[in-house]
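So the sequence lines, in the order shown, correspond to chains A and B. Numbered according to the numbering used here, the first sequence spans residues 1 to 301. Numbered according to the numbering used here, the second sequence spans residues 1 to 307.
Think of the hints as simulated: they come from the structure by calculation, not from any bench. Since the structure is predicted, the reported quantities are computational estimates derived from the model, not experimental observations. We treat Cβ as the ideally placed atom computed from N, Cα and C, and that holds for glycine. Be aware that a few hints might be false.
Using C-beta positions, here's what the derived DEER-type ranges look like [claimed, not checked]:
| no. | chain 1 | residue 1 | chain 2 | residue 2 | range |
| --- | --- | --- | --- | --- | --- |
| 1 | B | Lys210 | A | Ile34 | 44 to 52 Å |
| 2 | B | Gly65 | A | Gly128 | 31 to 39 Å |
| 3 | A | Ile34 | B | Leu10 | 45 to 53 Å |
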Amino acid sequence: MLNTITTTAKTKKKKQYRGISRATRVMRNLALWIPTVVMAFMIVLAIFSPWIAPHDPTVGKITDRYLPPAFMEGGKTDYLLGTDQLGRDILSRLIYGARISLSVSLLAIAITASIGTVLGIIAGYGGGRTDAIVMRVVDVALSFPGLLLAMLLAVAIGPGFWTVVFALSLLGWAGYARMIRGEAMRLSQSDFVAQARVNGASGWRIMTRHIFPNIINSLIVLMTLQVGMMILAEAALSYLGIGISVPTPSWGSMVSDGRANLDNAWWISAFPGAAIGLVVLSGNFLGDWIRDKLDPRLRQL
Amino acid sequence: MARFIVIRLLQCVVAFFGILLITFFLLRASGDPSTLLASPNFSLEQVQALKAELGLDKSWGEQLGIYLNSIVHGDFGESLLKKKAVGIMIGDALPNTLKLMVPSFVLAMILSFILGVLAATYRDSWWDNLVKFIAVLGQALPGFWVAIMAVLIFSVKLEWLPVAGMDTPAHYILPMGTLVFFTLPGMMRLVRSTMLDVLDSEYIKMARIKGLPERTVIWKHALRNALISPLTIIGMLLPGTVLGAVITEQIFNWPGMGRLLVEATFARDFPVVQAVTIITAILVLGINLLVDISYAWVDPQIRYQRT
Chain A
1 MLNTITTTAK TKKKKQYRGI SRATRVMRNL ALWIPTVVMA FMIVLAIFSP
51 WIAPHDPTVG KITDRYLPPA FMEGGKTDYL LGTDQLGRDI LSRLIYGARI
101 SLSVSLLAIA ITASIGTVLG IIAGYGGGRT DAIVMRVVDV ALSFPGLLLA
151 MLLAVAIGPG FWTVVFALSL LGWAGYARMI RGEAMRLSQS DFVAQARVNG
201 ASGWRIMTRH IFPNIINSLI VLMTLQVGMM ILAEAALSYL GIGISVPTPS
251 WGSMVSDGRA NLDNAWWISA FPGAAIGLVV LSGNFLGDWI RDKLDPRLRQ
301 L
Chain B
1 MARFIVIRLL QCVVAFFGIL LITFFLLRAS GDPSTLLASP NFSLEQVQAL
51 KAELGLDKSW GEQLGIYLNS IVHGDFGESL LKKKAVGIMI GDALPNTLKL
101 MVPSFVLAMI LSFILGVLAA TYRDSWWDNL VKFIAVLGQA LPGFWVAIMA
151 VLIFSVKLEW LPVAGMDTPA HYILPMGTLV FFTLPGMMRL VRSTMLDVLD
201 SEYIKMARIK GLPERTVIWK HALRNALISP LTIIGMLLPG TVLGAVITEQ
251 IFNWPGMGRL LVEATFARDF PVVQAVTIIT AILVLGINLL VDISYAWVDP
301 QIRYQRT
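Just chain A, same shape as in the assembly:
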């Protein structure tokens, strides 16, 4: 609800502004612009990390271990956010970590959204036994703790980039399937689908040409709302050591690196965690904004 009011109000000129104070309006705009800037910044960092990062993220200098951030006593301007237990530059690792976070979450979202959409439409349009089978599998997938599966996979195929993507995708599709199935079910009762059927359209054509275009909005909303959750999930897996393997920098494993050095080098864990929080927060705000724009009915999600 935050931003819809301002934007619809904008088109209807000044009168609509009455009742909303200037401060509120400014806050509402900030709630859109700050997250947008943060996300854009993160995407730039992820794409151009080799050019932006001041140091190599995986190679450290033994003489420069446990250096505090530049703004603290004893810090070097060479390492703005300090160095870790192997003398690696935290800022550079953060910049490269953006790559991992973003690529894992985008890949996992692409995979889960495609599988969930296909199954959801088939179940919703097909109905009957197909629907029952798909929905039972969805129920199980939704109630099963994904962490257990991720741990099993980490043992079976070893930790790594694709293990994380696979682990996140294996259960993640269920949420999409459940929502899309509801939408598809509602749409298949509608008049235009009935008319298409009367005109002799095949089931495939109805699903791809008539139902799918009508659920794109909900799909986009759910996908954007998932960005933050996927980043958090990846971080948690990497934190436990079953995600991205060392020495590749991942925000989650960076937090875990600093766990043993809390008494002498708090910055090793503090900065990556703050980065995760900032990005997830921005992602959630953007997701909320897109939801209010495209599909306000989904507010409960």
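With chain A's structure known, arrange chain B on it following the hints.
Below, chain B alone, put in the same frame as chain A:
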């Protein structure tokens, strides 16, 4: 109702066997634990003998048969590394996990109800905004990081609380706080939105028109109806709680199921991983089943819709 329960029970059994099979085959596919146990100077015969001792020389089908048979008899085998019965290891670990999880879950429930109801009652007040802020922040910050920062502040800098272990009541504060942090934001948000829906309904208006005091309207009439949907949240939050418990135990070195699982995963000690997975799965599926049944019992619409 009986039909509903039977169908849900069957689904649970099917799901359970699915999990059992996936666990078994994934772990067998992951590599041979005898290579991990055998020292490098073992001869081929010694490796073979070790395999025979562990039952790894038989085919996968036979191993599965033996395994299913022993599970039915309540025997989870022996840990490959610690040479201890898995049943005993879990018997030691499970109470520790429950000691931490049950109070945290109850605390999170109580807190989320109080905070959520107050936020909904005083909608758009500074209090409501504070609750919303906590919820938004809680859903964005990684729990493991918040826990570590809490250790940094309260244990390392201020030296008020112990870092790890479970000897005194003070040891419980940080782990419980972490677990509450994992579940509170989501629950609070749901209580708030359900409460808002309820407060908007006709019978609440009716109660107000009757002239009942606002306190009675909110805590008696509205809350009682808002209580129904949190039944489903328990089911929804369960997977997240498992994640939270594993991470919390890992951070605070709590000798529970989560730490057992993580240690066993790294050591490829598959009887242990299998047993922990299976027991967690039983607990999660069982609680979900109970939640569903009680939910259907409260709300007849679900009984008919789902069957």
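Results for each hint:
1. A beta carbon spacing of about 47 Å between Lys210 of chain B and Ile34 of chain A agrees with the range 44 to 52 Å that was offered as a hint.
2. At about 36 Å, the CB distance of Gly65 of chain B to Gly128 of chain A agrees with the hint of 31 to 39 Å.
3. At about 51 Å, the CB distance of Ile34 of chain A to Leu10 of chain B agrees with the hint of 45 to 53 Å.
Every hint, counting from the list given before, is met by this structure.
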